[in-house]
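Construct the entire structure; sequences and hints are all you get.
So the sequence lines, in the order shown, correspond to chains A and B.
Counted from 1, the first sequence has number 447 at position 447 by the working numbering; the numbering is strictly sequential.
Counted from 1, the second sequence has number 50 at position 50 by the working numbering; the numbering is strictly sequential.
Where hints are given, some of them may not hold.
Said to hold, decoys possible - Stretch by stretch, here's where chain B covers chain A in the computed footprint (C-beta under 8 Å, at least three residues):
| hint | region |
| --- | --- |
| 1 | 99-113 |
| 2 | 303-311 |
| 3 | 324-331 |
| 4 | 347-361 |
| 5 | 382-392 |
Stated by the list, open to error - Computed beta-carbon distance windows for the label pairs:
| hint | chain 1 | residue 1 | chain 2 | residue 2 | range |
| --- | --- | --- | --- | --- | --- |
| 6 | A | A278 | B | A31 | 32 to 40 Å |
| 7 | A | A278 | B | S8 | 34 to 42 Å |
| 8 | B | E79 | A | E50 | 20 to 28 Å |
| 9 | B | G91 | A | S238 | 27 to 35 Å |
| 10 | A | A387 | B | T75 | 38 to 46 Å |
| 11 | A | D417 | B | V19 | 25 to 33 Å |
| 12 | B | T75 | A | L295 | 49 to 57 Å |
| 13 | A | K255 | B | A31 | 54 to 62 Å |
| 14 | A | V339 | B | E79 | 20 to 28 Å |
| 15 | B | E35 | A | H233 | 40 to 48 Å |
| 16 | A | D68 | B | T75 | 30 to 38 Å |
Just so you know, the hints here were simulated from the structure itself, not pulled from any lab data.
Ideal Cβ positions, reconstructed from N, Cα and C, are used throughout, including at glycine.
Next come the chains, spelled out residue by residue.
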Amino acid sequence: MIALCDLTAHEALDLLRSGEITSVALTASALDRILAVDNDVCAYLTLTPEQALAEASAADALRRAGQDLPLLGIPVAFKDNLSTRGIPTSCGSRMLDGYVPPYDATVVRRVKEAGAVVLGKTNMDAFAMGSSTENSAFFPTHNPWDLARVPGGSSGGSAAAVAAGEALLALGSDTGGSVRQPAALCGVVGVRPTYGLCSRYGLIAFASSLDQVGPVARDVTDAALLLGVIAGHDPADSTSRLDSGSDYTAYLARKDLAGLRVGVLQSHPEDGIQAEVADATRRALKTLRDLGAELVDVSLPHGVYALSTYYLIAPAEASANLARFDGVRYGFRAAADTVEALFSRARGAGFGPEVKRRIMLGTYALSAGYYEAFYIQAQKVRTLIRADFDAAFEAVDVIVGPTSPTTAFMLGERVADPLEMYRADALTLSQALAGIPAISVPCGFDAAGLPVGLQITAPEMQELRMLQVAFAFEQATDWHRRRPSLIESS
Amino acid sequence: MENESITSLTREEVERIAVLAHLSLSDAEVALYREQLSVILAHAARLQAVDAGGTLPPAAVGRRPVLREDEPGATLSREEALFNGPDCDAGCFRVPPVKAME
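See the structure below:
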């Protein structure tokens with residue numbers, strides 16, 4: 001049975017605008033779904049149901065008074081590393097258990113000002129470090145398509161919530177693939193914007209030269225709608241771009257792709273691409289060709305170094321950013337008789353294993369004697385990766401390939417082997433290092449019925465082109481219309 | 001730089017990094033991270049093979065001047081700033097002494 005919460009946001013907005021439904025009914029439907037499935041899915045860390053119904057009621061009143069806003073009355077969820085004034089924000093870590101931010105992140109403020117209703121905060125790998133949401137200090141999130149499997153990560157809660165109808169839209173954050181990979185594993189759409197397009201103010205920092213906030217949605221139109229709301233310059237973020245976003249949805253009419261040059265990367269054996277993922281990608285490329293696109297082979301000679309580069313730069317930045325968590329001003333406190341002991345004990349007990357592993361790795365890469373060989377060398381390779389993309393985009397308009405090497409893996413399968421877990425991001429790291437946008441859209445299913453994601457990468461600030469290609473692909477297929485069976489039984 | 005020290009960390013090196021990172025680790029954690037970090041760093045050592053001689057690191061993320069005039073604006077109240085402090089007293093965060101009491 002299709003409930004109101006299974007509508008896309010743009011479908012729901014049409015019905016809200018015509019007066020056929022109310023935001024209170026829509027929000028109640030999402031809350032009912034949460035009640036029905038979240039004991040199993042575990043997408044949320046914090047729920048704000050009373051507040052949500054009050055906001056929905058206020059949205060309905062505004063609409064009755066003749067007002068409209070881009071997201072007026074749409075129930076949304078925020079990843080728990082986005083600061084929300086008055087709503088606990090733990091970042092998935094015991095270190096920030098009970099922390100209540102005194103201000104809203106800029107992207108949160110913009111979504112609220114666009115009229116959205118806040119349902120709560122979604123689960124994540126602690127401090128956004130992970131690819132399965134198993135590094136949450138509280139509990140893992142389960143994939144709505146198969147509860148024994150991971151939803152991907154680190155924005156696994158946001159992707160699972162949108163896939164299961166527990167929110168119409170959500171925000172995640174993508175440092176090395178943390179929006180795109182869970183979107184692929186949960187059969188939804190996820191966008192990593194150009195670095196600097198969306199403000200990082202109020203996003204709890206992991207790796208500042210890589211972190212970007214991005215939308216999670218059920219179709220490309222919804223992702224474009226949410227991206228348009230959060231994009232744009234913010235004086236509170238010194239890395240925020242001055243050239244702002246736009247109303248991306250207004251340009252999503254393109255049905256054919258005549259004249260478009262699509263770059264196809266030959267996969268590297270080391271990527272470990274699952275055969276069904278490769279098959280689904282081939283079929284998707286054929287669909288793009290049938291729509292008029294020309295397929296062109298491209299290569300990124302330094303792409304094979306992306307994993308090593310990322311896992312030096314990101315931990316190095318994390319080791320600096322996470323120095324602020326010392327048990328003094330917020331968060332976890334340990335008993336100690338000196339201030340030095342307080343720092344070390346609070347951090348030793350408050351951080352989980354993956355966060356400590358990355359702080360150690362980053363501290364090592366930045367330490368005297370290793371700084372040049374590891375950190376500076378990684379920065380230079382980062383420049384080469386960016387140059388590879390610049391060269392490839394001389395010949396093509398977008399680059400298309402799989403988002404994740406595999407479909408959703410089993411909970412617990414990779415926990416003991418960090419390097420194996422890191423490989424889940426193998427195909428999403430190079431865009432992050434280059435600072436360019438990419439989107440994941442559903443493009444098929446494996447034999448076990450698990451979703452496969454197609455990744456479309458575009459040059460810097462070419463979000464519109466990226467969304468148009470994704471939209472044309474989506475219009476020609478119906479993968480995005482499938483819903484997990486969990487919904488039917490709820 | 002010695003390649004052996006890249007690919008296999010000693011226990012002392014792990015303990016030294018933990019001190020630099022202000023992380024109190026159990027013996028079991030030191031042993032685990034010694035093994036795991038060695039594997040990750042061995043993988044990362046492949047970057048040494050990249051000829052990046054003439055390449056520069058991305059100099060700055062923003063690529064433009066980001067400084068502005070210093071203008072007074074709204075700030076958090078003292079109450080808001082202290083709200084999340086685990087141990088506060090008289091409008092301040094309280095911490096243990098720098099040196100242990102005798």
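Structure-based check of each hint:
1. Judged by the Cβ-Cβ criterion of 8 Å, the region 99-113 of chain A is covered by chain B as claimed, because 4 of its residues qualify and three suffice.
2. Using a Cβ-Cβ cut-off of 8 Å, 5 residues of the region 303-311 of chain A lie near chain B, which meets the minimum of three, so the contact claim holds.
3. Here the region 324-331 of chain A counts 6 residues with a CB under 8 Å from a CB of chain B, which clears the bar of 3, and the coverage holds.
4. Look at the region 347-361 of chain A against chain B: 10 of its residues bring a Cβ nearer than 8 Å to a Cβ of that chain, three or more, so the hint holds.
5. Counting residues of the region 382-392 of chain A whose C-beta lies closer than 8 Å to any C-beta of chain B gives 4; at least three are required, and the coverage claim holds.
6. Distance hint check for A278/A and A31/B: the Cβ-Cβ separation is about 39 Å, which falls inside the suggested range of 32 to 40 Å.
7. A beta carbon spacing of about 36 Å between A278/A and S8/B agrees with the range 34 to 42 Å that was offered as a hint.
8. Between E79/B and E50/A, the C-beta spacing of about 25 Å keeps the proposed range 20 to 28 Å intact.
9. At about 30 Å, the CB distance of G91/B to S238/A agrees with the hint of 27 to 35 Å.
10. A hinted range of 38 to 46 Å holds for the C-beta pair A387/A and T75/B, which are about 42 Å apart.
11. For D417/A and V19/B, the hinted distance range of 25 to 33 Å is satisfied, since their beta carbons lie about 27 Å from each other.
12. In this structure the hint that T75/B and L295/A lie 49 to 57 Å apart at CB holds, the actual value being about 55 Å.
13. Checked against the hint of 54 to 62 Å, the pair K255/A and A31/B passes, with Cβ atoms roughly 59 Å apart.
14. Against the hinted window of 20 to 28 Å, the Cβ-Cβ separation of V339/A and E79/B comes to about 24 Å, which satisfies the hint.
15. Between E35/B and H233/A the beta carbon distance is about 46 Å. The supplied range of 40 to 48 Å therefore holds.
16. Evaluation of the 30 to 38 Å hint for D68/A and T75/B yields a pass: the beta carbon distance comes to about 35 Å.
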